[in-house]
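**Q** Numbering (UniProt numbering), first residue to last: 1 to 415.
It should be emphasised that the hints constitute simulated quantities derived from the structure, not laboratory data.
Calculated lysine-lysine pairs in the DSS-like style (CA-CA distance at most 27 angstroms, straight line):
1) Lys259 / Lys375
2) Lys239 / Lys399
3) Lys233 / Lys380
4) Lys259 / Lys273
5) Lys233 / Lys399
6) Lys380 / Lys399
7) Lys356 / Lys259
8) Lys259 / Lys286
9) Lys286 / Lys166
10) Lys375 / Lys399
11) Lys375 / Lys233
12) Lys7 / Lys50
13) Lys286 / Lys273
14) Lys7 / Lys241
15) Lys293 / Lys273
16) Lys293 / Lys166
Each pair of labels, with its calculated beta carbon distance range:
17) Leu321 / Lys259: 19 to 25 angstroms
18) Ile390 / Ser326: 49 to 55 angstroms
19) Thr370 / Tyr134: 34 to 40 angstroms
20) Thr370 / Ala266: 26 to 32 angstroms
21) Arg242 / Asp396: 41 to 47 angstroms
22) Lys399 / Gln117: 24 to 30 angstroms
For glycine and all other residues, C-beta sits at the position ideal for the given N, C-alpha and C.
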Amino acid sequence: MSIVALKARVRGCSRVEGTFVGDFAVVEDSDVSNSTILSTEHERSVVRTKSIVRDSIVQWNSTVEALSVVEGAFLCDTSHVERHGVVMSSVLGPNTSIAEGEVTSSFVGPFVGFHHQALLIASIWPKGKGNIGYGANVGSNHTLKAPDQELFHGEGVFFGLGCNVKFPSNFVKAPYSVIATAVNTLPQLVAMPFALINTPGHIISSLSPAINEISPGWVLSSSVFTVLRNEDKFRSRNKSKRTQIEAEIFRPEIVQYMKDARTELAAAEGNAKMSLANGEDVYTDKQVRGLGKNYMRESSRRAGIAAYTFFIQLYALDALLPLVESGRVSADGTVGSVDRSHYPLATLVEELDAEKNIRECLSDLVSMRTEVATKAADGKARDDVRGQRIISDYSDVHKPASTYLQRVAAFVARV
Numbered sequence: 001m002s003i004v005a006l007k008a009r010v011r012g013c014s015r016v017e018g019t020f021v022g023d024f025a026v027v028e029d030s031d032v033s034n035s036t037i038l039s040t041e042h043e044r045s046v047v048r049t050k051s052i053v054r055d056s057i058v059q060w061n062s063t064v065e066a067l068s069v070v071e072g073a074f075l076c077d078t079s080h081v082e083r084h085g086v087v088m089s090s091v092l093g094p095n096t097s098i099a100e101g102e103v104t105s106s107f108v109g110p111f112v113g114f115h116h117q118a119l120l121i122a123s124i125w126p127k128g129k130g131n132i133g134y135g136a137n138v139g140s141n142h143t144l145k146a147p148d149q150e151l152f153h154g155e156g157v158f159f160g161l162g163c164n165v166k167f168p169s170n171f172v173k174a175p176y177s178v179i180a181t182a183v184n185t186l187p188q189l190v191a192m193p194f195a196l197i198n199t200p201g202h203i204i205s206s207l208s209p210a211i212n213e214i215s216p217g218w219v220l221s222s223s224v225f226t227v228l229r230n231e232d233k234f235r236s237r238n239k240s241k242r243t244q245i246e247a248e249i250f251r252p253e254i255v256q257y258m259k260d261a262r263t264e265l266a267a268a269e270g271n272a273k274m275s276l277a278n279g280e281d282v283y284t285d286k287q288v289r290g291l292g293k294n295y296m297r298e299s300s301r302r303a304g305i306a307a308y309t310f311f312i313q314l315y316a317l318d319a320l321l322p323l324v325e326s327g328r329v330s331a332d333g334t335v336g337s338v339d340r341s342h343y344p345l346a347t348l349v350e351e352l353d354a355e356k357n358i359r360e361c362l363s364d365l366v367s368m369r370t371e372v373a374t375k376a377a378d379g380k381a382r383d384d385v386r387g388q389r390i391i392s393d394y395s396d397v398h399k400p401a402s403t404y405l406q407r408v409a410a411f412v413a414r415v
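Model the full structure from these sequences, guided by the hints.
**A** Shown next, in the form of structure tokens:
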């Protein structure tokens with residue numbers, strides 16, 4: 001027996017059995033059994049086009065369509081499964097979309113983009129906000145003994161085209177990191193936020209060729225437009241009316257990860273046990289905790305410290321501005337005089353000279369935000385130059401970098 005609520009539409013289905021179909025829901029040309037489909041007039045859920053939903057809960061304003069299969073799953077509101085997508089024994093968070101690929105035995109948080117043929121299995125990703133590229137295999141949960149391995153994702157991690165991620169792995173303390181195209185990662189724990197993990201670019205005789213190269217903080221120093229775009233996307237594209245989703249990327253938790261990573265990088269100075277042919281020092285996780293099964297060059301260590309320091313200080317200065325505007329902190333005071341009971345202000349005191357004037361801090365905030373905005377615009381402009389060099393009509397079909405200046409300008413406008 002099934003229950004079909006007021007003004008729901010059920011039409012042309014091979015089976016609708018043991019299912020509750022909520023108000024204004026649409027179930028067409030599909031097979032639905034032992035499931036609950038929640039829906040309202042303004043948050044209509046849809047199951048259609050020869051899709052299969054079994055033993056599942058589909059929350060409000062969610063869609064399963066185009067020959068997709070959902071079994072033993074919980075789809076949070078505003079989630080989407082389409083184009084032969086397969087979701088088995090998993091939870092999908094709000095605003096997450098699965099298309100063409102397979103998600104099995106995973107907890108997937110909000111705003112995960114998964115739009116191509118790929119695999120995500122045995123993964124714990126409650127913070128979501130990342131991306132699974134075409135051909136990514138995330139991952140290898142079977143040791144030939146038992147399928148008992150897993151992956152703990154970091155918020156916002158980007159898995160590039162054709163990468164292969166071996167289990168067990170833990171990227172929780174490496175939020176917004178990028179695993180580049182065709183990289184094969186070994187089982188590891190990485191604790192370097194905003195890092196790039198890439199195929200090795202050097203021959204190091206004392207290291208296995210399976211060890212990749214890591215660049216801590218690379219996303220901040222070389223691809224900050226990505227950070228600005230993500231914040232804008234989380235803020236402007238949230239369709240959920242029922243779930244509060246943090247749009248801000250730089251929050252106490254993430255900033256603390258950056259502080260911890262910076263401490264490890266700074267402590268490693270002079271401890272390298274190997275070097276490149278040109279004499280540049282090389283570090284592994286034996287010298288720097290949190291590098292995982294990767295090596296790091298000295299130049300990357302220094303760049304990582306600089307990137308983390310810049311954005312930790314920017315975070316603290318950002319928090320200072322509204323307190324000055326509200327009168328809670330005097331513009332004529334000094335850093336040492338602020339209330340340290342709040343994490344951002346405690347960070348301010350840790351990072352800056354206690355005698356530094358608050359007005360000078362606000363001046364630094366303006367210049368630092370301008371620097372970030374300039375780097376973001378320059379990075380997008382470099383894409384334009386490269387594209388026009390390779391494709392003759394590139395400028396005819398791509399928006400120039402100048403069209404993104406409004407988004408970048410909004411970053412500066414707050415100050």
